[in-house]
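Asks: Heads up: the protein sequence lines correspond to chains E and H, in order.
Mapping the first sequence onto our numbering, position 67 (from 1) lands on 67, and the numbers just tick up by one.
Mapping the second sequence onto our numbering, position 33 (from 1) lands on 33, and the numbers just tick up by one.
Hints may be right or wrong, so weigh each one.
[Said to hold, decoys possible] Calculated pairs, DSS-like style, for lysine-lysine (alpha carbon to alpha carbon, straight line, at most 30 Å):
1) H:51 x E:42
2) E:56 x H:71
3) E:68 x H:44
4) E:56 x E:68
In case anyone wonders, no lab produced these hints; they're calculated from the structure.
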Amino acid sequence: GESVGLHLPTLSVQEGDNSIINCAYSNSASDYFIWYKQESGKGPQFIIDIRSNMDKRQGQRVTVLLNKTVKHLSLQIAATQPGDSAVYFCAENPALGGQNFVFGPGTRLSVLP
Amino acid sequence: NAGVMQNPRHLVRRRGQEARLRCSPMKGHSHVYWYRQLPEEGLKFMVYLQKENIIDESGMPKERFSAEFPKEGPSILRIQQVVRGDSAAYFCASSQQGREETQYFGPGTRLLVL
Numbered sequence: 001g002e003s004v005g006l007h008l009p010t011l012s013v014q015e016g017d018n019s020i021i022n023c024a025y026s027n028s029a030s031d032y033f034i035w036y037k038q039e040s041g042k043g044p045q046f047i048i049d050i051r052s053n054m055d056k057r058q059g060q061r062v063t064v065l066l067n068k069t070v071k072h073l074s075l076q077i078a079a080t081q082p083g084d085s086a087v088y089f090c091a092e093n094p095a096l097g098g099q100n101f102v103f104g105p106g107t108r109l110s111v112l113p
Numbered sequence: 001n002a003g004v005m006q007n008p009r010h011l012v013r014r015r016g017q018e019a020r021l022r023c024s025p026m027k028g029h030s031h032v033y034w035y036r037q038l039p040e041e042g043l044k045f046m047v048y049l050q051k052e053n054i055i056d057e058s059g060m061p062k063e064r065f066s067a068e069f070p071k072e073g074p075s076i077l078r079i080q081q082v083v084r085g086d087s088a089a090y091f092c093a094s095s096q097q098g099r100e101e102t103q104y105f106g107p108g109t110r111l112l113v114l
């Protein structure tokens, strides 16, 4: 069954505000995590990744935080823009060798004008 | 700098027909993955292939579905005798190394079975 899940299925934020999308995972052996963005009618687009030897990683306007103690992953988007409206998926890869990525069900982010 | 290519982008089939979905990985990538996505749901792993080899097909239905990645040409996901429940978006991803590495996705093929 699924080992990756999200707390909020939808999230609405005001343009210019910061967004935080959360993800819980249950496999404590997972050592690699990716956030993908999927716009309507398109394939998932890689945003940012993080390995378990880190607890924070920053990209352009995005930050991923990893809390291994509570098995929680979050994606923070600074100064959210209309173009950020999409469904965001987290994916985990168990460090057991030969395992596939497991994707969460996704969170829809809606940016309000 | 071509990414993962998939075709067709949209495919309509009647029940009982065959569907063939094609995927060309990113240049330099020899690992291909197929996923299925139902509306408003996440991605479900189907199969993982390297050139001429199926590495993991644990997510593939036992009947009617098959996949290949020949030495030359694209990877193909084949669905025989399609049923309405096969209607979904099928995404292909590729990676340079194995599945512990980042996977990059194509635009998907949206299959509609009438």
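Asks: Against this structure, judge whether each hint is valid.
Replies: Results for each hint:
For a cut-off of 30 Å, the pair hint linking residue 51 of chain H to residue 42 of chain E stands: about 26 Å separates their Cα positions. Restraint check: the Cα-Cα separation between residue 56 of chain E and residue 71 of chain H comes to about 40 Å, which exceeds 30 Å; the hinted pair is violated. Restraint check for residue 68 of chain E and residue 44 of chain H: satisfied, since their Cα atoms lie roughly 24 Å apart, inside the 30 Å limit. For a cut-off of 30 Å, the pair hint linking residue 56 of chain E to residue 68 of chain E stands: about 11 Å separates their Cα positions.
The structure shown violates just one earlier hint, number 2.
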